[in-house]
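Student: In case you want the letters, here they are:
Number of protein chains: 2
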Amino acid sequence: MISRSTKICIIGLGLLGGSYAKGLYQAGYHVRGIDIDPEAISFAKRMHWIEEGGDDVSLVKDCDIVISALYPKTFISWIKENKGLLKKGAILTDVAGIKREVIEEINKELDSEVEFIACHPMAGREFKGIQYADCSLFEQANFLIVPTQENSQKAIGVAEDIAKILKFKHISCLSAEEHDVMIGFLSQLTHVIAVSLMNVNDNSHLAEYTGDSFRDLTRIAKINEELWPELFLLNQDNLVNEIDAFTQELQSFKSLLESGDIEGMKQKLITSTNRRKAFDKGR
Amino acid sequence: MISRSTKICIIGLGLLGGSYAKGLYQAGYHVRGIDIDPEAISFAKRMHWIEEGGDDVSLVKDCDIVISALYPKTFISWIKENKGLLKKGAILTDVAGIKREVIEEINKELDSEVEFIACHPMAGREFKGIQYADCSLFEQANFLIVPTQENSQKAIGVAEDIAKILKFKHISCLSAEEHDVMIGFLSQLTHVIAVSLMNVNDNSHLAEYTGDSFRDLTRIAKINEELWPELFLLNQDNLVNEIDAFTQELQSFKSLLESGDIEGMKQKLITSTNRRKAFDKGR
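So the protein sequences, as listed, match chains A and B.
Just so we're aligned: the first sequence equals residues 1 to 283 in my numbering.
Just so we're aligned: the second sequence equals residues 284 to 566 in my numbering.
Any given hint could be a false lead.
Below, a list of computed lysine-lysine pairs in the DSSO-like style, where the Cα atoms sit at most 27 angstroms apart [to be verified]:
| id | chain 1 | residue 1 | chain 2 | residue 2 |
| --- | --- | --- | --- | --- |
| 1 | B | K411 | A | K277 |
| 2 | B | K537 | A | K128 |
| 3 | B | K560 | A | K128 |
To give an idea of the chain B side of the interface with chain A (calculated C-beta under 8 angstroms), a few residues [as the list claims (entries may be wrong)]:
| id | residue |
| --- | --- |
| 4 | F468 |
| 5 | T530 |
| 6 | S542 |
| 7 | L552 |
Computed far set for chain A versus chain B, every beta-carbon distance over 12 angstroms [unchecked claim]:
| id | residue |
| --- | --- |
| 8 | E104 |
| 9 | R125 |
| 10 | Q131 |
Derived by calculation from the structure, the hints in this document are not laboratory data.
Think of the CB as a built atom: it goes at the ideal place given N, C-alpha and C, for glycine as much as any other residue.
The whole structure should be built from the sequences, with the hints applied where relevant.
Tutor: As structure tokens, then:
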């Protein structure tokens, strides 16, 4: 459904928006970019990832596909202010890491002539900014499409096309509720754990002593402090539940340890080993 | 202090014992092996990692350096039963992942004619058995020497020689108390977290949706269920403290989330980012 003549506009040329622009450009598509940062625009132009770009929101006017790569709250504000500029029949999509509130707020703003199809490309890096853009990130990554009951097959097809053009490894569809529960566990809880593990101990000589485990568990403790608190709060209910469930599991391990229950700990380790093996096979 | 004529005996040819044998053999040293498993012995002989070997404990008799690569409790029992076979002037060392109890129990058994120098090579894999032995593991790993006040410079020198021959990246000395606190945090707490994260959710379709975070945080959830509960229990006091401190940190994050404190969460993320950057530089 996306063709070489489709006009695509990316709003927000950060790490993800930049990687989208690069991937679409490399596949031969026409891309425009909107960003308030002139350096991001000139970088994208210098790399030829966008043909036109600037901070002028009216660049969006005649575009068939509009991709927001803004932070969720900024995306919602942007649409509130600029929805009137979107072309009739345009498809709007996004990259936000949480979905319920984004879908609700955006659909509240749009009239029936622009369709929003929510997407979550599960790829990122520990850095921010277009200078770290890298569309090879997508080749090992999952692409989630989060349609509502109102979405058309056409819009879902556009989302699939984007994922295929950008060479995502696996495309799934799920509901906003399922998405936010799952992401609360797989992504948000894991980041909260990594941050807490890094923060609980200030021994600065750790690197001399550590094996791989601590290194692996804290890699994602280097984290974008502007984006993530916003994502956490937009999924507050699910993330609180996940922290509670995890804490309970940790306490149940501690009880076995305190009572010297070797057999009980062994069973926990057998379960985790089997699950991790199954997880490896599922990849 | 170790020369080409030094007779070295490794007790226990599993993953670590096998990797020691391989590394020492490749560096041109004479190695014997003792193991109750005839297949481990024949594997090590076939690879030429050991010159002699079997289940006969008297193989240890004329050896200058004896390296236990047994699990901690098995090591203690082995010494209780076979200490009389050790040569006068021999140096005994080990690879156990916890130190206070091992050092106390072993030194209780030995008379003044055999000296024990405790070591902890911080290297491992998610597999067990000599068939996974790989001495290249050591090149990125830390080697910890854990002397008591009674240890001689000679014995510490022997431990350093072993680490150098096996090409460990970094050698440190620390007390048994320091060691067990540090390992309770860096290694044991991280494994308990990974196991608990894997066990808290039985959604078997996770692999379709996950990004790198969950994968990284659960890699070590594939774990040797015979060894680790023993290690955890031998460091019960420290590990309980670490689980408590981590739980408290996690709860403090949850409080910020529940009260919608974006700024408080942001500060936690800035701290963790800075610490992880410092950690990267320290490597």
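Student: Take the C-alpha atoms of K537 (chain B) and K128 (chain A), compute the straight-line distance between them, and say whether it is at most 27 angstroms.
Tutor: holds, 25 angstroms
Student: Hey, K560 (chain B) versus K128 (chain A), does the alpha-carbon distance stay inside 27 angstroms?
Tutor: Judged against 27 angstroms, a Cα distance of about 15 angstroms means the pair holds.
Student: Are the Cα positions of K411 (chain B) and K277 (chain A) separated by 27 angstroms at most?
Tutor: Given that 27 angstroms is the threshold and the Cα spacing comes to 15 angstroms, the pair holds.
Student: Mind verifying the non-interface call on Q131 (chain A)? Its CB should be farther than 12 angstroms from each CB in chain B.
Tutor: holds, 18 angstroms
Student: Should the hint that T530 (chain B) touches chain A count as held when the rule is a Cβ pair under 8 angstroms?
Tutor: holds, 6 angstroms
Student: For R125 (chain A), which was marked as not at the interface, is the minimum beta-carbon distance to chain B over 12 angstroms?
Tutor: R125 (chain A) is in fact no farther than 12 angstroms from some Cβ atom of chain B, at 10 angstroms.
Student: Minimum Cβ distance from F468 (chain B) to chain A below 8 angstroms?
Tutor: holds, 6 angstroms
Student: S542 (chain B) was flagged as interface toward chain A. Is the shortest Cβ-Cβ separation under 8 angstroms?
Tutor: With a minimum Cβ separation of about 10 angstroms from chain A (threshold 8 angstroms), the hint on S542 (chain B) is violated.
Student: Report holds or violated for the interface hint on L552 (chain B), using the least CB-CB distance to chain A and a cut-off of 8 angstroms.
Tutor: holds, 4 angstroms
Student: Taking the closest pair, is the beta carbon of E104 (chain A) still more than 12 angstroms from chain B?
Tutor: The assertion about E104 (chain A) holds, with a minimum of 18 angstroms to chain B.
Of the numbered hints given earlier, the model fails hints 6, 9; all others are met.
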